[in-house]
Amino acid sequence: MLGISNFYLNLSRRFVSTGRNLVKIEQNEESKFMTRILMNNEKKRNSLGIDMIRQLQQAIDEIDLEKCRVLVIGSSCLKVFSAGHNLKELTSDKGFDSHQVIFDEFTKLCLKLRDLPCPTIAEVHGLAAAAGYQLAASCDLIIASNKASFSTPGVKFGVFCSTPGVALSRNVSPKISLKMLFTGDAISADEAYLHGIVSQVVNVDESSENLSKKVKEIASKIESNSKHVVALGKKCFYEQFERPNLNDAYKIACNAMVDNLKYEDTQLGLKAFASKSKPIWNHSDKKII
Amino acid sequence: MLGISNFYLNLSRRFVSTGRNLVKIEQNEESKFMTRILMNNEKKRNSLGIDMIRQLQQAIDEIDLEKCRVLVIGSSCLKVFSAGHNLKELTSDKGFDSHQVIFDEFTKLCLKLRDLPCPTIAEVHGLAAAAGYQLAASCDLIIASNKASFSTPGVKFGVFCSTPGVALSRNVSPKISLKMLFTGDAISADEAYLHGIVSQVVNVDESSENLSKKVKEIASKIESNSKHVVALGKKCFYEQFERPNLNDAYKIACNAMVDNLKYEDTQLGLKAFASKSKPIWNHSDKKII
Amino acid sequence: MLGISNFYLNLSRRFVSTGRNLVKIEQNEESKFMTRILMNNEKKRNSLGIDMIRQLQQAIDEIDLEKCRVLVIGSSCLKVFSAGHNLKELTSDKGFDSHQVIFDEFTKLCLKLRDLPCPTIAEVHGLAAAAGYQLAASCDLIIASNKASFSTPGVKFGVFCSTPGVALSRNVSPKISLKMLFTGDAISADEAYLHGIVSQVVNVDESSENLSKKVKEIASKIESNSKHVVALGKKCFYEQFERPNLNDAYKIACNAMVDNLKYEDTQLGLKAFASKSKPIWNHSDKKII
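Chains as they are written, first to last, in my numbering: chain Y, 1 to 289; chain S, 290 to 578; chain A, 579 to 867.
Pulled out of the complex, with its shape left as it was, chain Y reads as follows (with noise of 0.2 Å):
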């Protein structure tokens, strides 16, 4: 915790006005484009109950998109980024009805983070387990600490990890995929890299600050780049590669491209290329023609 704390101890912290303060946003002074949307219940191990979902949407949609360019979603502690839903919510009591509200209120927070314009980075420093692995998953990248682990344990409890698997299988094989499903069984970070499910492993053996470091370096490579080119980037992606017929995920591919050059910015950044100097954006949408 004091890491993260001390690294972060001029920020300017305001709270999503609830009364419960599940959810911590931090607005990075150094790095004004970057939005940290911290989930803060250590003692109920950030278990994504209904009311952390709904905070967690509300946080989002309430991002100043204007000025946003990376959002990480992250953790207040060390230990556990998240444990996944909250299990006193799926008791039979509860009524059924009330289950299928919160699996679909999950499933829309995780296609909000996908459907964000700025790109959406998961700083995972403990454990993200069953819809935890989700929502890191969720995000475009997973910047795990070497002290991460990933897991869908739900089985062991009765309650198969049908959506993170979802999540999973988008990342890595069926042969990974389903060991983790069916037996429960953690993976550390260096395998989840080696498997694809995450993008970067960072040590972090002799400062807990260095997870949020790298974090903060990769936001600021993001952040360098034109706003509405990479929004234009990140949507394309997720288009095509719905699309398993190769011919139609280019021609979706070969459109974003060429509305990719009629930015304004993209004209300025081919002209900073040109003469060899650093490209300066408007980080506008405006085009060309």
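Bear in mind the hints are in silico, worked out from the structure with no lab data behind them. Take the hints with a grain of salt, since some may be wrong.
Below, in silico cross-link-like pairs of lysine-lysine (DSBU-like), each with a Cα-Cα straight-line distance of 35 Å or less [as the list claims (entries may be wrong)]:
no.: 1; chain 1: Y; residue 1: Lys262; chain 2: A; residue 2: Lys672
no.: 2; chain 1: Y; residue 1: Lys88; chain 2: S; residue 2: Lys321
no.: 3; chain 1: Y; residue 1: Lys94; chain 2: S; residue 2: Lys576
no.: 4; chain 1: A; residue 1: Lys854; chain 2: A; residue 2: Lys645
no.: 5; chain 1: A; residue 1: Lys657; chain 2: Y; residue 2: Lys235
Take a look, some chain Y residues computed to stay more than 10 Å from chain S by CB distance [to be verified]:
no.: 6; residue: Ile50
no.: 7; residue: Glu66
no.: 8; residue: Cys68
no.: 9; residue: Lys112
no.: 10; residue: Ser149
no.: 11; residue: Asn210
no.: 12; residue: Lys214
no.: 13; residue: Lys221
no.: 14; residue: Ser224
no.: 15; residue: Lys235
no.: 16; residue: Lys251
no.: 17; residue: Asp259
no.: 18; residue: Trp281
C-beta atoms are modelled at their ideal positions from N, C-alpha and C, and glycine is treated no differently.
Fit chains S and A to the known structure of chain Y by using the hints.
Using the frame of chain Y, we list chains S and A on its own:
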């Protein structure tokens, strides 16, 4: 051979009722919920001739699904899991209609494994080649010894491994698949793990028993979960995996989650979790509503 | 440069008949069934301007498919495979219609490589960036030196690598793809192999000839197989790969298998296998029925 034989010394064994005994069924007494089907034709390297295919189908059909919670597909010899189709059955004098039957029946066998309610594990000690690899890949997990190897060598004698390529391409990138398919070169178990072709590699340098021990250990973990919850999860996994559209996949999985929560066993599991005790399952498909 | 030059010292070389010589075609005398098309514009880092694209298309169209069994796409210089599109052609003053032509023609080139009956190998010694990576990924295999690197850096100067992203996302998990696409950072050949982006990495620390030697060795293996069997297998692979439904994919592949067995060459191969001799192919598409 001896290692595995000793390890299963006390097993009750029965045979599929044919004169040929191409397939051996072992019902482990220690682990009464695990069924092992062993290909038992070392002389012909467990070639998947039509008789072997039919005996495997029959053996699977005869599984007591009331009891069985994990099916292991293995070989009664260490050197070879299976070398693939019986090439003698693929000559033109056998008639092309009979070729069609062979591939149709083998596809049925592969889909039968996928559609079984219980998880399936391929235990691969030696060579899994061509249709032999396809059979292994049609199991949910592949647990391989470090001495195992995997190949799709059909092209070398004029029969491109098109059907094994279907299984291969669902587990590993085209760049790796096509190198295997075009050259026929085998890859080691470690490489196979690196690429997500196998779920786990077990070091058997010291003892040939290690592989079966590890498979049994994984099977025990799976068996300790509620049978119908596992079946529901397995079915959902493969259903959503065929949906490239993420929203569609999540709809399928959300429905599975809500359905999952209706199992009596699931509610038992949630109560056990809340009281930090170990769930004692009914293994029934009884639902609360 | 010298290494590769020496290695191909005795090659007969001819050039695509244009005044610009952006593309060099090498017909290896030792291996008369392998055609090498080398991008030959070191000064412009083999940029894929419309002329280069058209010369590559033309070079492929001119391949003697009666003879050619493997096509290698490479570079005549060691430092760069290709740095991607010619950014000077993407400025607004060239007109957006001409941009559309560039992306359409480049897509045609990529699909042409996939649709060629013979296997294609990208031999990547240096940098493969943006459309340069896409070109390499459009070959069936990528064999890379340990000095190679791969990147999709377009976003840095305002042109998101949307079309290269199509190729990338078909070979590696979104978590890895999106990190490359959003940051523009290059990955090493070893990382690329780890993630399934390349088929094999060849250590060239001691000699720059190693890569071409290894490519030739792999090509020789492929050439020693029956040409039309390989073509049938390649076609089937990409066809079934576009089918998310496993049953559909197996239907396509079963039909391919049965069709495969009708080739005279296949029946020769099966006879050779039975008599433990090496098959001597006709390399014809003659069928028995």
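Each hint tested on the structure:
Simply put, Lys262 of chain Y and Lys672 of chain A have alpha-carbon atoms about 12 Å apart, close enough for the 35 Å limit, and the pair holds. Distance hint between Lys88 of chain Y and Lys321 of chain S is fulfilled; the C-alpha atoms sit about 33 Å from each other, no more than 35 Å. Straight-line distance between C-alpha atoms of Lys94 of chain Y and Lys576 of chain S comes to about 15 Å, which keeps the hinted pair within the 35 Å bound. Using a Cα cut-off of 35 Å, the hinted pair Lys854 of chain A and Lys645 of chain A holds, with the two alpha carbons roughly 27 Å apart.
This hinted pair checks out: Lys657 of chain A and Lys235 of chain Y have alpha carbons roughly 33 Å apart, not beyond 35 Å. Once the 10 Å rule is applied to beta carbons, Ile50 of chain Y is consistent with being away from chain S; the minimum gap is 14 Å. Even its closest Cβ contact with chain S, about 27 Å, leaves Glu66 of chain Y beyond 10 Å, as expected for a residue assigned away from the interface. No beta-carbon of chain S is positioned within 10 Å of the beta-carbon of Cys68 of chain Y; the least distance is around 23 Å.
With 10 Å as the threshold on Cβ separation, the claim that Lys112 of chain Y sits away from chain S holds: the shortest Cβ distance comes to roughly 12 Å. Distance check on Ser149 of chain Y: its Cβ is at least 17 Å (rounded) from any Cβ of chain S, clearing the 10 Å threshold; non-interface status holds. Its beta-carbon lying about 26 Å from the closest one in chain S, Asn210 of chain Y satisfies the requirement of being farther than 10 Å from that chain. With a least beta-carbon separation of about 24 Å from chain S, Lys214 of chain Y lies farther than 10 Å from that chain, consistent with its non-interface assignment.
With a cut of 10 Å on Cβ distances, Lys221 of chain Y stays outside the contact zone with chain S, its closest approach being about 26 Å. Listed as outside the interface, Ser224 of chain Y is consistent with that label: its C-beta sits roughly 29 Å from the nearest C-beta of chain S, beyond the 10 Å cut-off. Chain S leaves Lys235 of chain Y outside its interface by the beta-carbon criterion, the shortest separation being 13 Å against a cut-off of 10 Å. The Cβ of Lys251 of chain Y sits about 16 Å from the closest Cβ of chain S, beyond the 10 Å cut-off, so the non-interface label holds.
Consistency note on Asp259 of chain Y: stated as away from chain S, and its beta-carbon is indeed over 10 Å from all of that chain's, at 23 Å minimum. Listed as outside the interface, Trp281 of chain Y is consistent with that label: its C-beta sits roughly 30 Å from the nearest C-beta of chain S, beyond the 10 Å cut-off.
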